[in-house]
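K.L.:
Got two chains here, separate frames each, mind docking them using the hints?
Single-letter residue listing:
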Amino acid sequence: EDQVTQSPEALRLQEGESSSLNCSYTVSGLRGLFWYRQDPGKGPEFLFTLYSAGEEKEKERLKATLTKKESFLHITAPKPEDSATYLCAVRKDSSYKLIFGSGTRLLVRP
Amino acid sequence: SQTIHQWPATLVQPVGSPLSLECTVEGTSNPNLYWYRQAAGRGLQLLFYSVGIGQISSEVPQNLSASRPQDRQFILSSKKLLLSDSGFYLCAWSPPGDQYFGPGTRLLVL
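Protein sequences appear in the order of chains A and B. With the numbering used here, letter number 76 in the first sequence gets 76, and the count goes up by one each step, no holes. For the numbering used here, add 1000 to where a residue sits in the second sequence, where the first one is 1.
So here's chain B without its partners, still in its complex pose (with noise of 0.2 Å):
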């Protein structure tokens, strides 16, 4: 069966910080992956998805970066962290169709 993994689970950043989300997915090749933000009570916000490794699509003009360097890891980074960048970050994956989420992680930016 399929996993998907997100680390780290929890983390407290200062404004200004690099940022780099990690995202793996286990017992499938050549998943379609996603990265999402979630405001506190609100919907999910796509953020980027790539259809195969090194070919991002981004939705939002903001101040982060993915990047897939290999078929099931997707990457979500920042150069710098603004307090506006602060949320729950979801990683989903899916063959055509359906779509998965990891467990997310908690970003705090102080």
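Same shape as in the complex, but just chain A (with noise of 0.2 Å):
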């Protein structure tokens, strides 16, 4: 069965404090890996698509990585408007369907 696991659920930094978020995926014939931003109360806000294992993706404090299991979110030295929840979601060859994790949240403290 296709799935998509995120972890942790939560995760609580302190401002500055560099991690890295998970996202694993069971799917046949990845076509794509894809990484949203979500603010409380709106709509997600696309900030990667990777597309093969060893592809990386930086912006800003992000950096998305990708291998033949899984993806890394790596926040390097985030700040308080770094916190959102970060979902992760994966499309299968031949299909326009977006499987999407539950999501982590992230909070950044001061």
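Hints are supplied without guarantee of correctness; some may be wrong.
[What the hints assert, rightly or not] Some but not every residue of chain B turned toward chain A, in silico, with C-beta under 7 Å:
#1 N1032
#2 R1042
#3 L1046
#4 Y1049
#5 G1087
#6 L1090
#7 Y1100
#8 F1101
#9 P1103
#10 G1104
[Said to hold, decoys possible] Think about it this way: if two alpha-carbon atoms lie no more than 25 Å apart in a straight line, the pair counts; the simulated DMTMM-like pairs of lysine to aspartate or glutamate are:
#11 A:K57 with B:D1085
#12 A:K92 with A:E58
#13 A:K68 with B:D1098
For the record, the hints were derived by calculation from the structure and aren't laboratory data. All residues carry an ideal CB built from backbone N, CA and C; glycine is no exception.
P.N.:
Rendered as structure tokens:
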């Protein structure tokens, strides 16, 4: 069964304390892995798409990496404004559908 | 640039009443369109997607229906709302590939 699992469910960091969020997936024929940021009461904001193992993408303090079984979202020296829920999703070959994980709620304290 | 609109932003409806949520996209043509529902603290569940006018695919059998009367308009409807229909409804659009989300509609059924 196709599945996306994110861990941890919640993460509290001090400002400047770097960490990583995990997204593990079991899907046949991965066509893309997506990361989104979602603030409370708002729609998800697109961050990255990764297509193949070994690929990396960066945006400000965020860096996403992909292996054949999982993806990591590394947050370097986070700031309070990085507090949000981070969602991971995968897309299969020959499908328009995104399969989402349940997200990681990140809180960065000043 | 492309913009996606949803309205209303918030809606409180009694059980058994009808529903109509609207989504429109600007700045692109022939987009793929999607309706998702997000329960509190959970990931996104795909409800419907459309690859063209009048073409609707349903992912989950339920009390809801969708229509696409124009190229950049996607409507989510119900004839009679249930308590379980409460949630955060998100519209998304994509060219082939990345999906971009609207601001969402918060629906509370009482």
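K.L.:
Are the hints correct? Go through all of them and say.
P.N.:
Against the structure, the hints come out as follows:
1. N1032: Result: holds, 6 Å to nearest chain A Cβ.
2. R1042: holds (5 Å)
3. L1046: holds (6 Å)
4. Y1049: holds (5 Å)
5. G1087: Violated: closest Cβ of chain A sits about 13 Å from G1087 (chain B), beyond 7 Å.
6. L1090: holds (5 Å)
7. Y1100: Holds: closest Cβ of chain A sits about 6 Å from Y1100 (chain B), inside 7 Å.
8. F1101: F1101 (chain B) check passes; min Cβ-Cβ to chain A is 4 Å, inside 7 Å.
9. P1103: holds (5 Å)
10. G1104: Holds, because the Cβ-Cβ distance from G1104 (chain B) to chain A comes to roughly 5 Å (cut-off 7 Å).
11. A:K57 with B:D1085: violated (37 Å)
12. A:K92 with A:E58: holds (23 Å)
13. A:K68 with B:D1098: Given that 25 Å is the threshold and the Cα spacing comes to 20 Å, the pair holds.
Consistency note: the structure conflicts with the earlier hints numbered 5 and 11.
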